[in-house]
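Model the full assembly from the supplied sequences, consistent with the hints where possible.
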Amino acid sequence: MANKGWDEFEIGAMLRSFNGPVSDVALTHQEDRDYSENNSFTASVADWRIEKPVFNKDYCIDCQFCWIYCPDISIISRDKKMVGVDMDHCKGCGICVEVCPTNPKSLLMYSEQTDEEEALAAWPSKETGEK
Amino acid sequence: MSEIKKIKNLKEFSTSADRFEGANLLCPGCAHSIIVREVLNATNDDLILSASTGCLEVCTAVYPYTSWDASWIHIGFENGSTAVAGAEAMYKALKTKGRLKQPDREPKFVSFAGDGASYDIGFQWISGCMERGHNMMHIVLDNEVYANTGGQRSSSTPIGSSATTSPAGRISYGEKKNKKDMISIMAAHQIPYAAQVAPNKWKDMVKKIQHGLAVEGPVFINAMSACTTEWKFDPKDTMSISDLATDSLVFPLYEIID
Amino acid sequence: MAFDKMELRDIEVWDGNFAAAQALRQCQIDVVAAYPITPSTPIVEGYAKFLADGYVEGEFVMVESEHAAMSGCIGAAAAGGRVATATSSQGLALMSETLYQASGMRLPIVLNLVNRALAAPLNVNGDHSDMYMVRDSGWIQFDAYNPQEAYDLNFIAFKVAEDHDVRLPAIVNQDGFMTSHTAQGVKTLTDDAAYNFVGEFKPMNDMLDLDHPVTHGVQTEEDWHFEHKARQHRDLMVTVMPKIQAAFDEFEKLSGRKYNIVEEYDMDDADVAVVCMGTSVETAREVATEMRAQGIKAGVVGIRVLRPFPFMEIAEALKDVKAIAALDRSSPNGAAGMLFNEIAGALFNTDTKALLSGYVYGLGGRDLTKAHLRDLYKELQANADAGKVTTQLQQFIGVRGPKLAFL
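Protein chains in written order, with the working numbering: chain A, 492 to 622; chain B, -4 to 253; chain C, 728 to 1134.
No wet-lab data here; the hints were simulated from the structure. Each hint should be verified, as a subset may be incorrect.
Pairs of lysine-lysine residues, derived as DSSO-like cross-links and limited to a Cα-Cα distance of at most 30 Å, are as follows [to be verified]:
(1) 1/B x 571/A
(2) 202/B x 571/A
(3) 90/B x 980/C
(4) 174/B x 196/B
One side of the interface only, derived from the structure: several residues of chain B facing chain A at Cβ under 8 Å [stated by the list, open to error]:
(5) 10
(6) 61
(7) 157
Treat the numbers as computed from the prediction; the structure is a model and nothing was measured. Cβ coordinates follow ideal geometry from the N, Cα and C atoms, glycine included.
Here is the structure:
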C-alpha cells in the first residue's frame, strides 16, 4: 500500500478489516469476503520463502492435518477437501509436510525455483520395508 | 446463550472460515497463529479481541495492515485483559440502555497475551479481571520466554532453561526457579474455568475453548506455544516439539472446573 | 428510560467533587472505570451511588489500579460509548502511559483531574504538578477555578471531545481540596437541559459494531508514526479551539454563564497583569480590584484552556501590558516555569515591550495569600516604572527560609 500523507487516513490509526458491512464473517470464506486494502490478506509474504510446499493431489486423503496446523492460513480447504496451498501467504515453514501422514507424502518441500510440474512428475514413490 | 459450534472431527473443523489472516509477520512455524486459529475457529460467535504487546500484537497489526477479521484492540504490554474488560463493561451498559447496534448478537470477549504479559507485567490486571467476574476469556500464549524482546526469562520460564538473562554457562545450568503455577493462582480467584491447552492436541483444545466460551464469567486459558526462534528448533518441527512436551507431561493438559 | 431523573434546586451547595459527579450523572455516562485516590475519589463514588440509587444507567468498574482504570476506559471507549473517570496526582502518574494511548487512538474519554502535588515527599493537597506532567499527552485540558466551573466544564468537555471532528480525550482540572472539597453555591442545569446540551453519544469506529470490525492500537514505525502524530497535533492546533469556542457560546445561551479561552479580568487598561490557574485566579481578581483602589492598574488573566495552549489569545490579552507575572504552581525542577515559558513564547515575536517575570508558589497546597499577591503586584508596578525587571526572573513565594530567586 502506498504511503499516505498525514491528511489521508482515518484518525487514531484505526484500520478496517473489510469494505462495507459484514454480518457473518465466521460463515464466509475468503473468496467471498470484500477485504479492505488494509487487511493483510491483500498482502503477500511469498518473498519470505526459501522452500515451498508442492501439493500432490493423487496421494491426499483429506485428513486436514495440514489445514489445522498451518500457521499461515495457507492450506486452502473447502467442503472438507484439501484444494491447494495459498502461495501469497505461505512462509515455507514446512509444518504441512511434517504432519502429512500419507505414504508417499502428499506435500513435499522444494526450493522456491523448482518447477511444480517437474516436481509432480518426479514425485517419490511409496516407501516400503524397514529403514 | 449462543449455540456451540459442532466440530465432531477434523474434516468438519476444516470447513471453518478463518477470521485470522495470513501475511502477518509472525515467524515461519510460529505456534501463536496456530493457537489463534484454533481458538477463533472453535466458535462462530462474534468476537471482540485484544492482544497485549508482544509477538502476536506486533506481528498482526502493523500499519497499514491488520490480520484480524473481528474487532481487536491493543493498548499496552500489561493491560490487554483490561481493554477487553472495558469493552465488555460497555457491552453490558449498552445492552441495558438498549443502544447495541446488533442487539440480537452476543459477542465473546477474548484477550490474548504472552507469558511475560500475563505472568509478569500484566499479572495484576489479569487478576483484577478474573476477580471482578467479567464475562471474558484470557488466553496466554505461553512460550515460556520473552520472545518479542529476544529471549529473556519470564516467571513462566522453567528451571534449567537457558534464557538470555538466565543463561547456562561455565558454572550455571541456567534458570534456577521453577515455572510459576499461574493456573492455580487463577483458579484461586474462584473463576468458573481454567485450563491448560496445546495446539497440537487440537481436539482437546477446541473442546476446552468451547467450554470456556460457553460458561458465564471469567476464564483463564494457558496455551503452550512452541517458539521456533527462542527454543531454537527448525520451523517445520513445531508440532513434533509440541507433541514431545505434551506427551511427556512436561506440559500437562488439564482443566479446573468451578 | 429505566432510571429516575433528579430534581435539583436552581442553586445547590456542592463542592467541586460532587458538582463533577452530578455532571457525570447528567451526561449519563455509560462506563466509569475508576480507582480511588484523594482528593478525587468522591467524584466516582458519587457516580457509583447514583447508579446504586437508580439515577443513572451504566457500568461502574472498580478496578485494581489507576493504570487499569484508564485501560478499562480505553477499552470501553473503543467499544463505543460515553466514558469518564477521575484521578489525582500519583494516580495520574500511574495512568500516564495510557493517556498517550487514549489520545493517540482518538478516544473521547473525559478525565476529572483533581489537582494534587506529586511525591516525594508525599502530599495530598493541591498544586498543579499533575496537570503539568501530562500537558504533552495529547489531551484537551480545561481548568476550573471553583465548583461551578467544575460542573459546567464537564458538559463542555464531553461536547468538544466527542465531536467527530475532534475525537480527543479531555481533562477537566480543579484544585484539590480548595475546589474539590469546598462547598459553594452551584447554579444547576435540569437533567434534560444538561443532557440535551451534551447530546446522545454518537459512536465512531466502535468495536461493538459487529458488522464493521475495526482494529485499534496498531503499530506504526518510522514510515507511519510521524504522520499520525502530526495529524493529532494538527487537529489540536486547528480544529479544537473553534469547537471549544462554539461550545462556550452554546453553553452561554443555555445557562447565561460565559466562558472564554483565556479569562480576562480588568485587562482593558491594565498596566500590570498576573497570569495563573485554578483557585488562584479568584484570589488574584480580588487583589487586583484592591490594587486599583491604590492606583495600580492591575488585571488578571486566567488560563481556561491549557491544551491546546491559547498562544494567540494570550498574546492578544497581554499586548498592552507593561509588566506580567507568570504564576506556576508546580516546581519546574531546573527550568523557568511552564507558564513563564509558554507566555514568553507567545509574546516573543510580537511588538510588546512587556516585562515578564515568573513566580513559583503554592506547592503541596501552601496558601497563596492576598498579601503575597499585593506584594507581587507592587513588584510588577516597580518593574513597569523602572522599565526593566527589578527582581530576578524567577522567585519562589510563600516558602520559609532565605529568599529563593533565580535567573
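Handout entry: Unsatisfied constraints (hint numbers, rising)
Key = Going through the list in order, the structure violates hints 3 and 7 and respects the others.
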